[in-house]
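The opening residue of the sequence shown carries number 32 in this note's numbering; numbering runs sequentially from there.
These aren't lab readings, by the way, just hints derived from the structure by calculation. Bear in mind that the values here come from a model prediction, so they are computed numbers and not experimental data. Among the hints, a few may not be true.
[Claimed, not checked] Derived lysine-lysine pairs resembling BS3-like cross-links, with alpha carbons at most 27 Å apart:
no. : residue 1 : residue 2
1   : Lys83     : Lys100
2   : Lys100    : Lys87
3   : Lys69     : Lys104
4   : Lys87     : Lys69
5   : Lys104    : Lys83
6   : Lys83     : Lys69
7   : Lys87     : Lys104
8   : Lys69     : Lys100
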Amino acid sequence: MDLNGGAGDDIIHLLSGNNHAYGGDGDDILYSGIGNDKLESGIGSNVYVLGKNFGKDEIINFNPNGQDKDVIKFTDGIYELLRATSLIKTLVRTIRNEPNAKRI
Numbered sequence: 032m033d034l035n036g037g038a039g040d041d042i043i044h045l046l047s048g049n050n051h052a053y054g055g056d057g058d059d060i061l062y063s064g065i066g067n068d069k070l071e072s073g074i075g076s077n078v079y080v081l082g083k084n085f086g087k088d089e090i091i092n093f094n095p096n097g098q099d100k101d102v103i104k105f106t107d108g109i110y111e112l113l114r115a116t117s118l119i120k121t122l123v124r125t126i127r128n129e130p131n132a133k134r135i
């Protein structure tokens with residue numbers, strides 16, 4: 032399912048399935064669901080929220096630098112389970128003992 036929040040400050044929660052959420056311009060909060068999701072937002076300071084059961088999600092247009100700063104937040108106590116490695120301009124976060132990976 033494709034969801035487009037348009038311009039403005041949006042909050043989008045994805046449920047199960049392979050979904051694509053586009054927040055558009057503005058300060059958006061995008062919650063990943065169960066499945067392989069694409070999270071994308073335009074200009075603004077955006078927050079991408081990932082829970083324990085996220086799939087092989089893709090975050091598009093992630094920008095942690097500059098005037099507008101994007102942030103990734105983890106829920107469900109998974110922060111302690113993360114292992115990060117750098118792969119040629121791609122950051123892959125893998126939860127230990129889980130087959131899913133996060134590419135940014």
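Tested hints:
1. Lys83 x Lys100: holds (24 Å)
2. Lys100 x Lys87: Holds, at roughly 23 Å.
3. Lys69 x Lys104: holds (16 Å)
4. Lys87 x Lys69: OK: Lys87 and Lys69 at ~9 Å, within 27 Å.
5. Lys104 x Lys83: This hinted pair holds, its Cα atoms lying about 11 Å apart.
6. Lys83 x Lys69: Judged against 27 Å, a Cα distance of about 16 Å means the pair holds.
7. Lys87 x Lys104: holds (16 Å)
8. Lys69 x Lys100: Holds, because 19 Å separates the two Cα atoms, which is no more than 27 Å.
The structure is consistent with each of the numbered hints, conforming to all of them.
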